[in-house]
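K.L.:
Could you build the full structure based on these sequences and the hints that come with them?
Residue numbers (my numbering): 1 to 159.
In short, the hints are calculated from the structure, not lab data. What you are looking at is a predicted structure, and each value in this text was computed from that prediction instead of being measured. All residues carry an ideal CB built from backbone N, CA and C; glycine is no exception. Certain hints may be false.
[As the list claims (entries may be wrong)] Straight-line C-alpha distance at most 35 Å; calculated DSBU-like pairs for lysine-lysine:
id, residue 1, residue 2
1, K148, K51
2, K75, K51
3, K148, K113
4, K62, K10
5, K62, K149
6, K113, K149
7, K148, K91
8, K91, K113
9, K91, K75
10, K123, K148
11, K91, K10
12, K10, K123
[As the list claims (entries may be wrong)] Label-pair restraints from in silico Cβ distances:
id, residue 1, residue 2, range
13, S41, L115, 17 to 25 Å
14, L115, G138, 29 to 37 Å
15, S132, S109, 18 to 26 Å
16, D72, E129, 35 to 43 Å
17, D43, K148, 18 to 26 Å
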Amino acid sequence: MSSFSSLLAKQFIILPMRATDRSSAVQELLIPLAQNHIITSRDECLESILKRERRMSTGVGKGVALPHGLSDSVKEVAMVMGISPNGLDFKAVDGALCHIFVLLISPASEPDKHLKLLSRITKLLSDGELRSALLETGTPEEVLDTLKKWETQEEDVLL
1 MSSFSSLLAK
11 QFIILPMRAT
21 DRSSAVQELL
31 IPLAQNHIIT
41 SRDECLESIL
51 KRERRMSTGV
61 GKGVALPHGL
71 SDSVKEVAMV
81 MGISPNGLDF
91 KAVDGALCHI
101 FVLLISPASE
111 PDKHLKLLSR
121 ITKLLSDGEL
131 RSALLETGTP
141 EEVLDTLKKW
151 ETQEEDVLL
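P.N.:
Written out as structure tokens, the structure reads:
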């Protein structure tokens, strides 16, 4: 079983995000995956995620967005978290600005694992106290520490 925090490393946490709209947010979140050679085609991943966004926004509400997609340009599930202190309009279902972003890209051959992971991330981030704690962090290390503490409290695992 893997925890949320075990799927992240500090180089995959962007704090603060600089993006000002949905497309630039997704592009910014893909940068560390491309820089660390986790994805073989940034363009393919971007298109997969933006195609999903065109169907329906992944701004799930309460300040959270979960842009995601399936792609052959990734061998294993990859995740990037970003925090935008000012928030941005991600066309969330509740109309609120999004501050916490978790980008998930999974191999095209693993749609079931992808959906289970999305469900667990959604459940974890549905807790207002955790969201508030994440927004108060100042460094990627603090983000990881907060997630680890929360997972210990909640005994929450993703896979």
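K.L.:
State for each hint whether it applies.
P.N.:
Going down the list of hints, with the structure as the test:
{"no.": "1", "hint": "K148 to K51", "verdict": "holds, 32 Å"}
{"no.": "2", "hint": "K75 to K51", "verdict": "holds, 20 Å"}
{"no.": "3", "hint": "K148 to K113", "verdict": "holds, 22 Å"}
{"no.": "4", "hint": "K62 to K10", "verdict": "holds, 24 Å"}
{"no.": "5", "hint": "K62 to K149", "verdict": "holds, 21 Å"}
{"no.": "6", "hint": "K113 to K149", "verdict": "holds, 25 Å"}
{"no.": "7", "hint": "K148 to K91", "verdict": "holds, 29 Å"}
{"no.": "8", "hint": "K91 to K113", "verdict": "holds, 26 Å"}
{"no.": "9", "hint": "K91 to K75", "verdict": "holds, 30 Å"}
{"no.": "10", "hint": "K123 to K148", "verdict": "holds, 15 Å"}
{"no.": "11", "hint": "K91 to K10", "verdict": "holds, 27 Å"}
{"no.": "12", "hint": "K10 to K123", "verdict": "holds, 22 Å"}
{"no.": "13", "hint": "S41 to L115: 17 to 25 Å", "verdict": "holds, 23 Å"}
{"no.": "14", "hint": "L115 to G138: 29 to 37 Å", "verdict": "holds, 33 Å"}
{"no.": "15", "hint": "S132 to S109: 18 to 26 Å", "verdict": "violated, 37 Å"}
{"no.": "16", "hint": "D72 to E129: 35 to 43 Å", "verdict": "holds, 38 Å"}
{"no.": "17", "hint": "D43 to K148: 18 to 26 Å", "verdict": "violated, 34 Å"}
When held up to the earlier numbered hints, the structure conflicts with 15, 17 and fits the remainder.
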